[in-house]
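Protein chains: 2
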Amino acid sequence: MINVAVLGYGTVGSGVVEVIEKNKEEINKKSGEKLNIKYILDLRDFPGDPYENKVVHDVEIIMNDPEVQVICETMGGIHPAYEFSKRALLMGKSVCTSNKELVANHGPELIRLAKEHKCNYLFEASVGGGIPIIRPINYSLTAEKIDGITGILNGTTNYILSKMAAEGAGFEEVLKEAQEKGYAERNPEADVEGHDACRKIAILSSLMTGKNVKYEDIYTEGITKITAADFVYARALERSIKLLAMSRECEDGSFYAMVAPFMIPVSHPLYSVSGVFNAVFVHGNMLGDSMYYGRGAGKLPTASAVVSDVVDCARHIGKTIMCFWDDEDVKQANVEHIKHRFFVRTKAALEKEAVDIFGLIRVVVADVKDEYAFITEEMSEREFKEKAQKLGCVINRIRLES
Amino acid sequence: MINVAVLGYGTVGSGVVEVIEKNKEEINKKSGEKLNIKYILDLRDFPGDPYENKVVHDVEIIMNDPEVQVICETMGGIHPAYEFSKRALLMGKSVCTSNKELVANHGPELIRLAKEHKCNYLFEASVGGGIPIIRPINYSLTAEKIDGITGILNGTTNYILSKMAAEGAGFEEVLKEAQEKGYAERNPEADVEGHDACRKIAILSSLMTGKNVKYEDIYTEGITKITAADFVYARALERSIKLLAMSRECEDGSFYAMVAPFMIPVSHPLYSVSGVFNAVFVHGNMLGDSMYYGRGAGKLPTASAVVSDVVDCARHIGKTIMCFWDDEDVKQANVEHIKHRFFVRTKAALEKEAVDIFGLIRVVVADVKDEYAFITEEMSEREFKEKAQKLGCVINRIRLES
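Residue numbers (the working numbering), protein chains in the order written: chain A, 1 to 402; chain B, 403 to 804.
In case anyone wonders, no lab produced these hints; they're calculated from the structure.
Idealized CB from N, CA, C, for every residue including glycine.
Treat the hints loosely; a few may be bogus.
[Unchecked claim] In silico contact screen, one side only, chain A against chain B (beta carbon under 7 Å); selected entries:
id	residue
1	I27
2	N28
3	K30
4	I131
5	E144
6	K145
7	F171
8	S290
9	L300
[Said to hold, decoys possible] No farther apart than 25 Å at their CA atoms in a straight line, the calculated lysine-lysine pairs in the BS3-like style are these:
id	chain 1	residue 1	chain 2	residue 2
10	A	K24	B	K613
11	B	K701	B	K749
12	B	K547	A	K29
13	A	K29	B	K520
14	B	K431	A	K331
15	B	K627	A	K145
[Stated by the list, open to error] Take a look, some chain A residues computed to stay more than 10 Å from chain B by CB distance:
id	residue
16	N23
17	N36
18	K54
19	E83
20	L90
21	G130
22	E173
23	N187
24	Y219
25	A229
26	P269
27	D356
28	L360
29	A366
30	D370
Hey, can you work out the whole structure from these sequences and the hints?
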């Protein structure tokens with residue numbers, strides 16, 4: 001029997017308990033042992049809950065119980081999740097988490113501690129919700145040199161952009177609706193400004209490089225400036241607008257990561273990833289592209305990923321599963337040198353100047369009044385910025401992903 | 403150091419050697435040991451090949467060398483691959499294979515032998531080429547009750563159908579072109595009749611159920627009867643025609659699997675899986691749908707999957723990785739009871755009869771002369787067959803997947 005403690009009985013934590021209960025037959029079989037929820041840590045009481053008598057308010061009870069071998073940290077936030085995780089690992093208890101913020105901030109340290117104490121720090125649920133992506137990178141693509149990852153990693157923004165594309169509505173209007181439906185938080189900044197996707201691509205990029213990719217250094221642009229008019233142009237181009245999180249190891253050994261809205265063509269497999277779904281594209285030097293797709297959030301999908309980590313811990317009691325994510329920070333290339341094509345909207349009156357300044361461009365014809373829109377050749381962020389400044393007026397600009 | 407022997411220096415076998423050589427830095431790091439190709443078994447000699455001096459013609463040399471811990475069986479076919487694999491496992495040597503025929507025929511026995519001799523029989527490359535799918539099912543979706551798998555599992559037929567869709571060409575014409583380009587075999591039967599996809603869905607279904615799904619019992623229909631006219635209708639319906647391999651565990655506990663061409667809508671994530679790409683959709687009771695997409699064949703993608711198995715073996719020397727695939731055969735439901743909607747083409751003259759016999763139907767309007775085409779309500783295969791017989795003339799019929 002493997003005794004499990006769940007820290008935090010909120011959405012994901014209660015999902016973990018539900019998944020372990022509902023699928024106990026499969027899970028116990030695949031664990032090779034019976035999983036037993038011994039404690040649930042929460043500040044609140046849950047009178048009437050079937051697990052009421054498992055609820056404890058003092059983390060010491062869990063830490064001091066040598067029978068507890070696996071801990072599900074589903075609290076979120078850095079403190080006290082960090083301190084609790086660290087203490088557990090120091091005592092040889094494995095930790096499974098859905099906490100992307102903690103993993104992005106302290107991943108290498110916690111992974112090292114797990115190794116030193118012959119247990120595991122696993123975080124499948126921290127990226128892409130229920131989509132298996134951490135384990136495919138760590139266990140499956142082991143014969144590959146992975147050199148690129150491109151993902152739709154945030155369900156809230158993908159829901160908003162999908163709605164804007166389908167209904168021609170504006171950002172504020174759709175955001176409000178998403179908030180009413182519970183798809184967006186009251187304070188939506190972490191999602192719509194791209195911070196959530198940024199932490200997730202930092203985690204994936206760290207696993208890709210084997211070193212530490214600091215999320216603070218990743219260029220991050222949200223979707224708040226995307227308008228209904230942008231989608232009119234996107235349709236005319238047979239493209240959609242998606243918030244992409246990407247990272248690349250270039251041939252010269254340099255590395256960059258960025259989060260920003262991109263226009264992607266209908267032929268791109270990420271094009272049809274709609275609503276709250278997430279998808280991650282991984283490029284390897286032997287396999288080429290592979291993609292992983294599914295529900296990027298939600299109680300049960302996220303809990304399912306946490307429990308799959310628990311099963312992995314149960315299968316590896318006393319043994320640390322390999323995971324390469326060193327303390328050493330990756331040097332990130334200056335974003336100014338990264339090249340893309342740009343979709344640009346300017347005033348109709350500036351048509352001649354646009355052609356003079358940007359040279360070879362492709363005009364985008366769509367039913368938007370008083371505007372002139374075009375697509376540039378591939379150029380660096382810096383070159384684009386200089387030319388845009390010269391032009392004087394850019395209503396909006398969106399990068400293109402071919 | 404882990405000594406590896408490769409059985410069969412053909413396309414996949416030489417790919418294995420190439421992948422291990424090219425990505426040795428990553429692979430050795432992820433294995434935790436240096437991989438060394440000690441022998442290559444082939445009937446031929448390879449003068450001038452950099453691995454020329456590793457080639458042996460006698461399998462005894464490999465079997466009797468206690469230093470060989472992992473064997474890559476990339477010979478294909480049942481004999482002597484079966485005998486060689488069995489002997490290796492009996493001696494505690496792990497076997498990694500791309501041989502779907504052997505896995506579909508003797509999987510449970512070879513997995514059991516591996517377990518009994520504390521080694522591994524791994525077969526990631528046998529389904530979906532380079533796409534990680536066996537390991538996601540066995541290692542990642544461990545908290546799920548998987549109740550459905552739907553895949554595009556054969557690159558040749560997907561290439562042919564994609565070409566027919568894009569160019570309006572007929573089956574024979576595109577097959578000939580695919581043969582010239584090397585995308586289809588001179589004897590294309592195994593692909594175009596669905597046998598290859600059938601073996602692959604048998605393997606996936608066995609892992610889904612934990613029991614043995616006999617491929618001989620799976621209803622299998624190929625793509626040879628699909629015509630250019632079918633695609634005219636498909637376009638009118640905003641659908642495409644794909645060869646799907648599917649299996650389902652129904653709520654009443656019954657199980658069925660089938661391989662057949664299906665019309666799928668543009669909104670279906672498998673719709674945009676084109677050319678030689680493969681994709682597998684997995685449905686779990688907690689996660690819902692997840693999808694795995696990538697190159698389903700080809701030298702390096704397939705070899706990459708074989709080598710990822712070798713890495714897994716290296717990480718688990720002396721220990722068998724859990725895999726649930728028992729000897730016991732799954733009882734497959736009679737295909738006659740399976741329900742689908744059907745797209746049906748008949749003579750224009752039979753319009754009235756069609757409506758009389760099939761009742762509520764949706765007429766499909768497309769530019770095909772002298773025909774009347776419609777979509778039925780959901781009905782069982784048997785009911786459809788009876789009604790079609792009553793109608794007297796069915797030019798073609800294709801199942802719909804919603």
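We went through each hint and held it up to the structure:
Evaluation of the I27(A) hint against chain B yields a held restraint, the C-beta minimum of about 6 Å falling below 7 Å. Annotation: interface hint on N28(A) violated; nearest CB of chain B at approximately 11 Å, more than 7 Å. Restraint check, K30(A) versus chain B: the minimum CB separation of about 4 Å is within 7 Å; hint holds. With a cut of 7 Å, the hint placing I131(A) at the interface with chain B holds, because the nearest CB-to-CB distance is about 6 Å.
Checking E144(A) against chain B: minimum C-beta separation of about 6 Å stays under 7 Å; hint holds. About 5 Å separates the beta-carbon of K145(A) from the nearest beta-carbon of chain B, less than 7 Å, and the hint is met. Hint on F171(A) is violated. Least Cβ distance to chain B is approximately 24 Å, over the 7 Å limit. Hint status for S290(A) relative to chain B: holds, with the closest Cβ pair at about 3 Å, below 7 Å.
Evaluation of the L300(A) hint against chain B yields a held restraint, the C-beta minimum of about 4 Å falling below 7 Å. With a C-alpha separation of about 18 Å, the suggested pairing of K24(A) with K613(B) holds against the 25 Å cut-off. Among the hinted pairs, K701(B) with K749(B) is inconsistent with the structure: their alpha-carbon atoms are about 46 Å apart, more than 25 Å. Note on K547(B) and K29(A): the hinted pairing holds, with a Cα-Cα distance of about 11 Å set against a maximum of 25 Å.
Annotation: proposed proximity of K29(A) to K520(B) holds, straight-line Cα distance about 19 Å (limit 25 Å). Using a Cα cut-off of 25 Å, the hinted pair K431(B) and K331(A) holds, with the two alpha carbons roughly 21 Å apart. This hinted pair does not check out: K627(B) and K145(A) have alpha carbons roughly 42 Å apart, beyond 25 Å. Consistency note on N23(A): stated as away from chain B, yet its beta-carbon is not over 10 Å from all of that chain's, at 5 Å minimum.
Distance check on N36(A): its Cβ is at least 15 Å (rounded) from any Cβ of chain B, clearing the 10 Å threshold; non-interface status holds. Listed as a non-interface residue, K54(A) keeps its Cβ farther than 10 Å from every Cβ of chain B; the least gap is roughly 19 Å. The claim that E83(A) is not at the interface with chain B holds, since no C-beta of that chain comes within 10 Å of its own (minimum 27 Å). The beta carbon of L90(A) is kept farther than 10 Å from every beta carbon of chain B, the shortest such distance being approximately 24 Å.
Not every CB of chain B lies more than 10 Å from the CB of G130(A), the least distance being 4 Å, so the non-interface label is violated. Distance to chain B confirms E173(A) as a non-interface residue, since its nearest Cβ pair spans about 24 Å, more than 10 Å. The beta carbon of N187(A) sits about 28 Å from the closest Cβ of chain B, which is more than 10 Å, so the claim that it is off the interface holds. Distance to chain B confirms Y219(A) as a non-interface residue, since its nearest Cβ pair spans about 27 Å, more than 10 Å.
For A229(A), the non-interface assignment is confirmed: its Cβ lies about 25 Å from the closest Cβ of chain B, beyond the 10 Å cut-off. For P269(A), the shortest C-beta to C-beta distance to chain B comes to about 6 Å, within the 10 Å cut-off, and the non-interface label is violated. Chain B leaves D356(A) outside its interface by the beta-carbon criterion, the shortest separation being 39 Å against a cut-off of 10 Å. For L360(A), the non-interface assignment is confirmed: its Cβ lies about 29 Å from the closest Cβ of chain B, beyond the 10 Å cut-off.
At the 10 Å boundary, the C-beta of A366(A) stays outside the reach of chain B, the nearest C-beta of that chain being 22 Å off. The beta carbon of D370(A) sits about 34 Å from the closest Cβ of chain B, which is more than 10 Å, so the claim that it is off the interface holds.
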